[in-house]
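Following the hints, complete the assembly by docking chain L onto the known chain X.
Chain by chain, the residues:
Protein chains: 2
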Amino acid sequence: MLHIKELTLNIPDTTKPRVVIIGGGFGGINVARKLSGKEFQVVMFDRQNYHGFWPLLYQVATAGLEPDAIAEPLRKMFDEDYEDFHFRQVKVTGINPASKTVSTLVGDLPYDFVIIATGTKSNYFGNEQIKKYSFPLKQVPDALNLRSQLLQSFEQANMIKDPEVRQSLLNIVIVGGGPTGVELAGSLAEMRKHVLPNDYPGMDFSRMNIYLVEGLDRVLPPMSPESSATTKRYLEEVGINIKLNTLVESYDGEVVTFKGGEQIKTQTLIWAAGVSGAQVAGLPPEASERGRYLVNHFNQVIGFPDVFAIGDIAYMKTEKWPKGHPGVAQPAIQQGQHLAKNLRHIIRREPLEPFEYFDKGSLAIIGRNKAVADLPKNMHLKGFIAWMAWLFVHIYYLIGFRNKLIVLANWVYKFFTYENGTRLIIRPFLRKDDIAGQEFVRKQADLD
Amino acid sequence: MLHIKELTLNIPDTTKPRVVIIGGGFGGINVARKLSGKEFQVVMFDRQNYHGFWPLLYQVATAGLEPDAIAEPLRKMFDEDYEDFHFRQVKVTGINPASKTVSTLVGDLPYDFVIIATGTKSNYFGNEQIKKYSFPLKQVPDALNLRSQLLQSFEQANMIKDPEVRQSLLNIVIVGGGPTGVELAGSLAEMRKHVLPNDYPGMDFSRMNIYLVEGLDRVLPPMSPESSATTKRYLEEVGINIKLNTLVESYDGEVVTFKGGEQIKTQTLIWAAGVSGAQVAGLPPEASERGRYLVNHFNQVIGFPDVFAIGDIAYMKTEKWPKGHPGVAQPAIQQGQHLAKNLRHIIRREPLEPFEYFDKGSLAIIGRNKAVADLPKNMHLKGFIAWMAWLFVHIYYLIGFRNKLIVLANWVYKFFTYENGTRLIIRPFLRKDDIAGQEFVRKQADLD
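Chains X and L are the protein sequences, given in the same order.
What the first sequence shows, in full-length UniProt numbering, is residues 1 to 448, in sequence order.
What the second sequence shows, in full-length UniProt numbering, is residues 1 to 448, in sequence order.
Here chain X stands alone, though its shape is the one from the complex (with noise of 0.2 Å):
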């Protein structure tokens, strides 16, 4: 048996500078993409041998994307161009700032500069019972996790003799009325009305309830309240079940009970509530505020000039955004592709930049013809214009990400089709043996 302790980071020794990048994230990739060159020796660290474009993940989970058309193996975006570029697909267990190492699984690495580019995971808010029995959707097993659950249990449904057990498997519930939490209901709205309805042609899909769960007075609260209020009166068109100021106060798998009392009987509770930041052990807790690194303009994490926090996970405060930037892709890419810059000049002994975002809007989608969109000055879209917008700015960023023609004619293919061919039952993961259904999923698999 191969043992851990069997194994070496195996990096080369270099006169360069070595920059140590941990996540291969938006920012994580970005920073490395700009650094490619003669000047530094770059190493990154990653649990998973890809990158994600995780804003289309809940495609995956409703079964319209694949995994390989939204995420990409991180040793083929750097194989060719970049030059003493190492990636090791090993976990980071923390940063020793006084002996300038990182520390992996599998051994130590001295760096001159570390970035800490590790995005966040979810924030289970201390409940154990609902991070044991509800679904993230975070990384791709999540998403396909939860596609084989839904699957399941349209299946099981078509299969139940209890009336109240079955509406239990057709009532989902989505706690979090962010990005993730808003574009799953809108897609999982589609799928009831277009796919669903064929597949199981016995079955009465209007009594599929999907329930979008938000604590604050608002969905999408990082959006303006415009486009709140045009995301709320779209979803209750589509038909999804708005609660809005609940909060889960438990979950055992089979009831969900809200804070003030009411309950929904669900096998499938979906937790895109929160996140918090994924943080790296060895820094001492004044370096961070609410679970982020707090970093200077240069996204120097304070009092450690040669370690760095970009995306997610750093805390910059500035006059604009006094509570750090919003948690999307484009302060990662900017934050990565500006630091970049600013290791040259360390090298060169050159002045820094200060960073500034360039808030290029945010967008969602709901379904067709159906998304908001905030722009700057103030200006906020809606309906087809919006989607028309979304779909230009997720198909330009694709391009960039996949630089390959025929695979984005097929997403877009997928995605103006209703001919979502994906709906395979391939559980990824049986790490919750609980859960609603398992039992029968694992007599199924001759797991037992």
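Bear in mind the hints are in silico, worked out from the structure with no lab data behind them.
Values in this document were obtained by computation on a predicted structure and should not be read as measured data.
A virtual CB, placed ideally from N, CA and C, is assigned to each residue, including glycine.
Wrong hints could be hidden among the right ones.
Said to hold, decoys possible - Residues from chain X shown here face chain L by an in silico Cβ test under 7 Å; the list is partial:
(1) Glu-6
(2) Leu-7
(3) Thr-8
(4) Asn-10
(5) Asp-68
(6) Asp-79
(7) Gln-89
(8) Val-106
(9) Asp-162
(10) Asn-198
(11) Arg-423
For chain L alone, kept in the frame of chain X given last:
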């Protein structure tokens, strides 16, 4: 928690004859398609919710294709034009000819005709150790698991200290020189030459050894000696180590020992050495021979006029095929179509027509411009023309199967370029806890 006992099959009552089809493979879908109409109620059971184009499964294992390119949801295949067709994703536990019922995990169903189209499963010849440690290649999750294992091995080989352990990660042993083993070996050789050196610039892939082990004295034993000889030459040209007349004695997850005593250290043993019929409980032993159901020329199981078997699970002895038809897609497809005709004859009290297999020949691919074909009348093709024939046949069947030009274009594009974009490590099942590197995988995923 939802228990199996709360489920029921929920098939509507009918006055039409009810045909129960067990299995949604090539045989099952073809009989179901041809039975479409007003004369029968058709019920199909399968443990998976999809039909797979298994001749291309090895492409999923070598990251050439994603599962959706080779698998199609059964509900989608039969969604619109098929009246009174009922699919249930449920495991069949037995047939009771006395009561004319089929038993499933969730209840029994009376039948008028039952068609066993369950195909084959991996045969480990009773060796539990090999079953535990080797990687099969029969199902979509198998292929995804093998893909992850291969990619993970390369990641680890890149980080290993001990050169001997590194070599055991770079030794891939395929047991079984039939079509699956040969095509997988060829595909791995292409990966080694065109893909891996770009992905792992620091690694020396001339050290990656691909062994193909066959118990008989030639590869592709079902094909002609001419094609076997050509295939052997092709495999050697692309650097496959072929071991003929070699049987596996044991494999403990680290070392494979052959009968005769030779040993190879490998972390990845792929088991493509044999299959046995996936039989269903309930028929007496005399209805079977070598794990397959003995059927007459109408595919009726001997002694049970209402029980039919088609495809790999059927053993029809004919003058031309005394050992039964070959275990490939064509006999299953043709028997399925033919049986539908005979079922109509039965209910119309017309005489039955005996099945006659139209042998279209067989094909295997080793690499670009390297393929072999045995055609009727003892004709053999090889090289570019056989390769074109292989492409044409697979494209032809995929068109019928997927009915989507753009998906097909995508497939052809991926096939012809080396732009395999699907090298994502997503373990579908962590069911082998003690195989090589699982400690690492589990710790990476925080599963411990």
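* To do: Run the structure past the numbered hints and jot down the numbers of the failing ones, going up.
  => none
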